[in-house]
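Participant: Below are the chains, spelled out letter by letter.
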Amino acid sequence: MPNLKTKVSFKGTKEQEKELVDFIRAHSQDKGSMMPILQKAQEMYGYIPEEVQIIIAEETGVPLSEIYGIVSFYSQFTLNPKGKYQISVCLGTACYVKGAGDILDKVCEIIGCESGSITDDGMFSVDATRCIGACGLAPVFTVNESVYGRVDVAETEQIIKKYVAEAKGS
Amino acid sequence: MSTVKVKVNGMEVECSANDTVLEAARLAGVDIPTLCYMRDIAPIGACRMCVTEVSGARGLVAACAYPVEDGMEINTNSQKAYNARKRTLELILSQHRRDCLTCDRNMNCELQKLSKDYNIKEVRLGHPEDMVPQIEDSMIHLIRDNSKCVLCRRCVNICKETQSIGVIGPNDRGFATQISCAFDRNLDETACVSCGQCITVCPTGALTERDCTDKVWNALADKTKHVVVGTAPSVRVTLGECFGMPIGTNVQGKMVAALRRMGFDGVFDVDVTADLTIMEEGTEFLGRLNSGENLPLITSCSPGWVKFCEHYYPEFIPNLSSCKSPQQMFGAMMKTYYAEKMGLNPEDIFVVGIMPCTAKKYERYRDYQDAVPGIPDVDASITTRELARMIDTSGISFVDLPDEDFDPSFGISSGAGLIFGATGGVMEAALRTVADIVTGEDLDTLDYHEVRGTEGIKEAQYDLNGRQIRVAVASGLANARALLERVKSGEASYDMIEIMACPGGCINGGGQPIQPQSVRNFVDLRTLRAKAIYSADKSMKMRKSHESPVIKEIYDAYLGNPGSEKAHKLLHTKYQARSKYPGVAE
Chain A
1 MPNLKTKVSF
11 KGTKEQEKEL
21 VDFIRAHSQD
31 KGSMMPILQK
41 AQEMYGYIPE
51 EVQIIIAEET
61 GVPLSEIYGI
71 VSFYSQFTLN
81 PKGKYQISVC
91 LGTACYVKGA
101 GDILDKVCEI
111 IGCESGSITD
121 DGMFSVDATR
131 CIGACGLAPV
141 FTVNESVYGR
151 VDVAETEQII
161 KKYVAEAKGS
Chain B
1001 MSTVKVKVNG
1011 MEVECSANDT
1021 VLEAARLAGV
1031 DIPTLCYMRD
1041 IAPIGACRMC
1051 VTEVSGARGL
1061 VAACAYPVED
1071 GMEINTNSQK
1081 AYNARKRTLE
1091 LILSQHRRDC
1101 LTCDRNMNCE
1111 LQKLSKDYNI
1121 KEVRLGHPED
1131 MVPQIEDSMI
1141 HLIRDNSKCV
1151 LCRRCVNICK
1161 ETQSIGVIGP
1171 NDRGFATQIS
1181 CAFDRNLDET
1191 ACVSCGQCIT
1201 VCPTGALTER
1211 DCTDKVWNAL
1221 ADKTKHVVVG
1231 TAPSVRVTLG
1241 ECFGMPIGTN
1251 VQGKMVAALR
1261 RMGFDGVFDV
1271 DVTADLTIME
1281 EGTEFLGRLN
1291 SGENLPLITS
1301 CSPGWVKFCE
1311 HYYPEFIPNL
1321 SSCKSPQQMF
1331 GAMMKTYYAE
1341 KMGLNPEDIF
1351 VVGIMPCTAK
1361 KYERYRDYQD
1371 AVPGIPDVDA
1381 SITTRELARM
1391 IDTSGISFVD
1401 LPDEDFDPSF
1411 GISSGAGLIF
1421 GATGGVMEAA
1431 LRTVADIVTG
1441 EDLDTLDYHE
1451 VRGTEGIKEA
1461 QYDLNGRQIR
1471 VAVASGLANA
1481 RALLERVKSG
1491 EASYDMIEIM
1501 ACPGGCINGG
1511 GQPIQPQSVR
1521 NFVDLRTLRA
1531 KAIYSADKSM
1541 KMRKSHESPV
1551 IKEIYDAYLG
1561 NPGSEKAHKL
1571 LHTKYQARSK
1581 YPGVAE
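So the protein lines, in turn, are chains A and B.
Mapping of the first sequence onto our numbering: position 25 corresponds to residue 25, and the numbering continues sequentially without gaps.
Every position in the second sequence, counted from 1, becomes a number in our numbering once 1000 is added.
Worth flagging that the hints you see were computed from the coordinates, not collected in a lab.
A hint or two may mislead.
[Stated by the list, open to error] Listed below are the simulated DSBU-like cross-link pairs for lysine-lysine, each with C-alpha atoms no more than 35 angstroms apart in a straight line:
#: 1; chain 1: A; residue 1: Lys11; chain 2: B; residue 2: Lys1538
#: 2; chain 1: A; residue 1: Lys82; chain 2: B; residue 2: Lys1488
#: 3; chain 1: A; residue 1: Lys40; chain 2: B; residue 2: Lys1580
#: 4; chain 1: B; residue 1: Lys1488; chain 2: A; residue 2: Lys40
#: 5; chain 1: A; residue 1: Lys84; chain 2: B; residue 2: Lys1580
#: 6; chain 1: B; residue 1: Lys1113; chain 2: A; residue 2: Lys31
#: 7; chain 1: B; residue 1: Lys1080; chain 2: A; residue 2: Lys31
#: 8; chain 1: A; residue 1: Lys14; chain 2: B; residue 2: Lys1113
The model shown is predicted, which means the values in this text are computed figures rather than measured ones.
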């Protein structure tokens, strides 16, 4: 799936930038250091937006286009931050045959963003995941640490709307 | 270097131990098809078109990257290899928008040729209905259509490795993989310098220059316009390639005859304004040498280099010569001096530049390129390739044309102006004139061999009346970068530097005829084309810019002295620092 560009504004700090730059300089002599650098960046920021990729490009001398090529190739790297509420819909085989596709569509419809992205206000992010090992509960989705199993589209709507109300109140 | 013996299709050949299977086969007179490989661009073995059967290997090997071994038996045309190549080709074609008839590269496409060579009669796979143009045309000089891209990555590698720019790359994965800019930005949101080298290596029509021939035809048809054309130094030694003539044929006379038959009102030589550039730049150089300010002087003829400097080395902007490029000086002189001489209104003059270059298309839109305020110096800039198409459209049988001379009022130039077309040429031309001015003599030294040749970086030191002048020449922007880094660190110090964006200079510019890998892999285009320029220079009577009667007349009758206020107003320009990431808000 092509990576979707985030619309959430970058909130990185000078301290974070210094930490990242120090990390890059410490590994500047290592061959093949781009992967650990990107992993570090994702660990620090939660995602690897353009602003962070430019810091890496400037420090390493590797063109931005090449860094973006790596980030967009590997699915464990993300260009989007995670929301306050991270929704993950399992699209493993068991969940899929039990109608997880419709559930994902419903979630996206309610919160108003595509799978793999985040809402403009930064509150909700949605991801389609591989099997999370709860096939007995299929179809299953999670919101942060809470697991919702054996749900149908109507129940999903209720659950997600509860979170939307909670987010509005916060 | 040690040699080994291998057998190619049963025929024994001796080759270097460092050769690849591809090179050994060529020695035996066999072309193995390649699509991603191109010499001087690291082999990536990605396209699988060159798979070949060799002894000692388990499966088929990629000939472009696989090294030979002593005693190796190479079978380039085994049934197994043929079937594999044909299947690969079918898969590539299944994802290729096949609008060959209306494609810019019709009859000059590597994929089209392979399709013919491999007898592809139908494409069984793919979804033709899904194939729609994927046009990215944000830049003035270039159009990318990814629906014709075969993902060979030649453009990516030449941009990153040869030019040290790297604004494009393969993004996403699997079927979604596409060559594009980071964050799917348009090219005009990156620090692309418009050199067009990517176009010259593209095997298909995925990358093309923006065609401006219609604009020129319209001007020629407009009776109210006085249409003048000027040809850059290097175009005369490459244009013949488009008509099947050997690489390195000088077709100046036929080119002039063709332009005249196409209906241009004035057929002129940009070599004249190359001479003019030397007068202005030479004067500027002597001024800086005396004051010691802003040395080294760095040449500004190559708009790809100028844009590179503005994006990546803005600290060197004060070092850039303030001279416009010969194309822009040509336009400026047409709309002022020539307009006055001919009694024409500058607005009625339409100036066409015929250039080896795609960056020249962009250059004419730059700020401070209007000698007559508000009127652009140049109205259309077309490449050698576009000129060839126009000649074809005209129905002119190019090879049968007689040799004709440029119109004399702006058509007499020196050998110094001509050698502008090759790396080292601007430096040599400047040295010929500067040496005469400094010594006050008519020196016999005309050949500055140290700055000639296709090496990426050349250095030399010359004695000018007791003063040591240190010069350096770089072509190809990766070489320019290496040279500038040495200057920055203080490791090297020069009085004058010539930089051309394209490797080998304008003769290998982004607007020059496209030669397929089957030629480029085994022939050095740069050497052959440059040879034609230097041999023409050698046979010329007048080889120093300041000796040209046209130049003398321009200064006597119009500009005054080189570097005069009027010359500055008309022939000089300004530069600006640009971001490395123009699309990203600061």
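Participant: Next, verify each hint and record whether it holds.
Facilitator: Hint check results:
1. Distance hint between Lys11 of chain A and Lys1538 of chain B is unfulfilled; the C-alpha atoms sit about 64 angstroms from each other, more than 35 angstroms.
2. Taken as a hint, the Lys82 of chain A and Lys1488 of chain B pair is broken in the structure, with Cα atoms around 43 angstroms apart against an allowance of 35 angstroms.
3. Only pairs whose Cα atoms come within 35 angstroms are accepted, and Lys40 of chain A paired with Lys1580 of chain B is accepted, the gap being roughly 25 angstroms.
4. Under the criterion of a C-alpha separation no larger than 35 angstroms, the hint pairing Lys1488 of chain B with Lys40 of chain A is consistent with the structure, at around 32 angstroms.
5. Restraint check for Lys84 of chain A and Lys1580 of chain B: the C-alpha separation of about 34 angstroms stays at or below 35 angstroms, so the hint holds.
6. Annotation: proposed proximity of Lys1113 of chain B to Lys31 of chain A is violated, straight-line Cα distance about 41 angstroms (limit 35 angstroms).
7. Restraint check for Lys1080 of chain B and Lys31 of chain A: the C-alpha separation of about 38 angstroms exceeds 35 angstroms, so the hint is violated.
8. For the hint pairing Lys14 of chain A with Lys1113 of chain B, the CA-to-CA distance comes to about 55 angstroms; that exceeds 35 angstroms, so the pair is violated.
The earlier numbered hints that this structure contradicts are 1, 2, 6, 7, 8.
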